[in-house]
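Chains as they are written, first to last, in this note's numbering: chain D, 1 to 332; chain A, 1001 to 1196; chain R, 2001 to 2252.
Hints are computed from structural coordinates only; laboratory data are not their basis.
Each hint should be verified, as a subset may be incorrect.
[Unchecked claim] Think about it this way: if two alpha-carbon atoms lie no more than 20 angstroms apart in a straight line, the pair counts; the simulated EDC-like pairs of lysine to aspartate or glutamate are:
#1 A:Lys1090 <-> D:Glu100
#2 R:Lys2097 <-> D:Asp42
#3 D:Lys276 <-> D:Asp42
#4 D:Lys182 <-> R:Glu2095
#5 R:Lys2097 <-> R:Asp2187
#6 A:Lys1012 <-> R:Glu2239
#7 D:Lys182 <-> R:Glu2006
Bear in mind that the values here come from a model prediction, so they are computed numbers and not experimental data.
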Amino acid sequence: MVSITPWEQPVMPKLKRHTIASLLAKGVRIDGRKLEQFRPVDITPGYIERAEGSALVKIGNTMVVAGVKMDLAEPFPDTPNEGILVVNAEFMPIASPYIEPGPPDENAIELARIIDRSLREMRVIPLDKLVIEPGKIVWRIYVDVYVLNHDGNVTDAAMLAAMAALMAARMPGLVKEGDEYKVDRTRYVGLLPVNHRVVSVTISKIENRLVVDPNYEEETIADVRLFIAVSEDGRIAGLQKMGTGALTLAEIDKAINIAINLSKYLLNVLEEKVGKYRAELEKVFAEKKEIVIGGVPHTTSEVVVEGQPVESSVEGVGTVAVENEGGKSREE
Amino acid sequence: MTAARLQKLEGKIVLPGEPLATIEEFLPEEGVYVDNGVIRAAIYGKVRIDSRNKRIRVEPIKATLKIPRRGEIYYGFVSGIIREDLALIKLVFDSQMERLSGTFTGVLHLSQASDRRIESVYQVIRLGDFVRVQVVNEHPLLLSIKQPQLGVVAAFCSNCGAILYRKPGIDHLVCKRCGNRELRKVSTYYMFVDRG
Amino acid sequence: MVVSGEKPTLIRKVVRDGKEVLVRHDGRLVDQMRPIRIEVGVLSNADGSALVEYGGTRVIAAVYGPKEAMPKYMSLPDRAILRCRYHMAPFSTAERKTPALTRREVELSKVLREALEPVVLTELFPRAMIDVFVEVIQSDGGTRTAAITAASLALADAGVPLKDLVAGVAVGKVDGVLVLDLDEIEDNYAEADMPVAMAPSLNQVVLLQMNGVLTLEEFHAALQLARKGILEIYRLQKEALRRKYAEVKVEG
């Protein structure tokens, strides 16, 4: 597969370019925001109860959900003392009229990889703590990022969702049967260790102005975008220049300053919404050591007449009353 | 049908599948369908009854589907000129500049391209032009740019690709970047006007 | 789940309010559905969308179109074509699912499309195409029936003319007893699992599958049980659409 200049682009924003640019010159955005202002950011941790960790992130109308799943795997030969982290991202066809169903395209793969690098290089997840038997078996952490509605700035929403999902992730139980290890999906036994918090602020350049969190129209006419991942201690954890344009050194400096400033805002939201959630979970694990899920939790408050499976019968549905709603049916 | 029931029906919010009346009572129009002699709602909307002409329809509550219908105005791009007398236009927005669900490709014939006599569609449009068109036929989708408010609303320079400007009092469109001048069938809605 | 090979007891006889009743592993009665939540118009980009939850099962459906069929040869002169995709997110299941389409998803995409074909008034849009995409965000049994419920709502939300909404629910035989709206555990151990979807106002079945074995008597009872559930879901669907309308009216 080769990478080709995007030739079929949504056209309306191009025509609005003048309007958008002249507004930017006055320091105003097309939706009334300031240049360095995010749309409302909301995070729902634990959105997918069945995943080990998950989060739904909304930035304006942009919606991204991330889920963390864990299983056991053989470590890579060159890192026998480390667990495995896999980041995957997809733009769902439900997210935009411009997304066709199919395998991840170059944008989805790029998105997955920039998130992966920002998490990996900061050692956000201490992979060395995920080893069960060195060289033989380790935990494998999957982070799947799904874009549900694309209204611009998917990168920051996706990064935030991935980070939040990891922070909300619980470790499933582990059982050893003979020589074999198995995941016990009926209980969680603790939190996934998370060393750092990393968020990203992607800066877009539109007509020589730097803006954050572009909506879809703005993003379409941006000449260049710079993805900047920032850790909670103010270090740069990842960079990626995207788009057909270029940046001057001064612009890059300015962009990084903006990113470091605004990262504090995103980190605050993350702490408020997910940090507290994680602390609550931590408390539960400290008290109970484990959280039991699934299985067959039978209601215990009721008197069980027969513990054994009941006789085969169709009597259970004898009382079904069928009313016909919405007019006459065909047969009648 | 009793007058009371009829009165209750008018303006009622209905959902797909809901039985409204029989074909003996009304002539079904938009937003309804007939199943076994029963007129039912096909969309969610308000029942509208024309009791004089015995017609019934359901008026959509949300914006209607954006499917090109005869007489409607759309915006689109010239996506191909297949012959001297035929151009293809990809419709992308409705008259309110609202995005369509997808695109629809229509055909513009020389005879619908100008109220003057012209030899080639190249005299009125070029590839990539943004045009305001009217639907003259649905199947096949035929378009017209004859009227003054129809035609090119944004054009790009054939030489350098920059936006072309309309200058009051000048027939041609002018490129500010390379000075090129080009002819188009310009709509009164043309977006880029240079008054300076 | 840890596969221990031992089948848990899923239905028990208990005394509830002085009466002996059959109760399922999660406390439901045999003819009781899980809590159902429906929300219409959840995605800003789609022409129509809906989120549907059956207990722990959560799906989002989106509709784009009707639009020009692409590529152009993929069109019919007398009607619109439907393009459906049923897909499960990797994190939706107990074990991570591969993001690529599985054979199961390919089959269900077809089953979903063929459940919608009878109700969509495709003849109104010759040469056009209507996209219906369903994403299973979380799976706990009954995803295909939740998918069809959501898909028909998304179509209605998009304003696509429909003969009727479609509502679906699974019935099955668990521990020898017919039950409504199976969750994943019940589904795993069911002797039979039968998803059904209907256009309720027209009293027509548009989706019917069965995995397992039932006697003729059981089948009839199962279908009646499904119909009962479907009518209840149908009521909730209509309620959700009306609620959406109320919001629009306030905004306008």
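To see whether the hints hold, each was checked on the structure:
At roughly 19 angstroms between alpha-carbon atoms, Lys1090 of chain A and Glu100 of chain D fall within 20 angstroms of each other, so this suggested pair holds. Between the alpha carbons of Lys2097 of chain R and Asp42 of chain D the distance comes to roughly 27 angstroms, so the proposed pair goes past 20 angstroms and is violated. Restraint check for Lys276 of chain D and Asp42 of chain D: satisfied, since their Cα atoms lie roughly 14 angstroms apart, inside the 20 angstroms limit. Of the supplied pair hints, the one linking Lys182 of chain D and Glu2095 of chain R holds, its CA atoms being roughly 12 angstroms apart against a limit of 20 angstroms.
Distance hint between Lys2097 of chain R and Asp2187 of chain R is fulfilled; the C-alpha atoms sit about 18 angstroms from each other, no more than 20 angstroms. In summary, the hint linking Lys1012 of chain A to Glu2239 of chain R is supported, as the alpha carbons are separated by about 15 angstroms, within the 20 angstroms threshold. Proximity of Lys182 of chain D to Glu2006 of chain R is assessed by CA-CA distance (about 17 angstroms); at most 20 angstroms being required, the pair is judged to hold.
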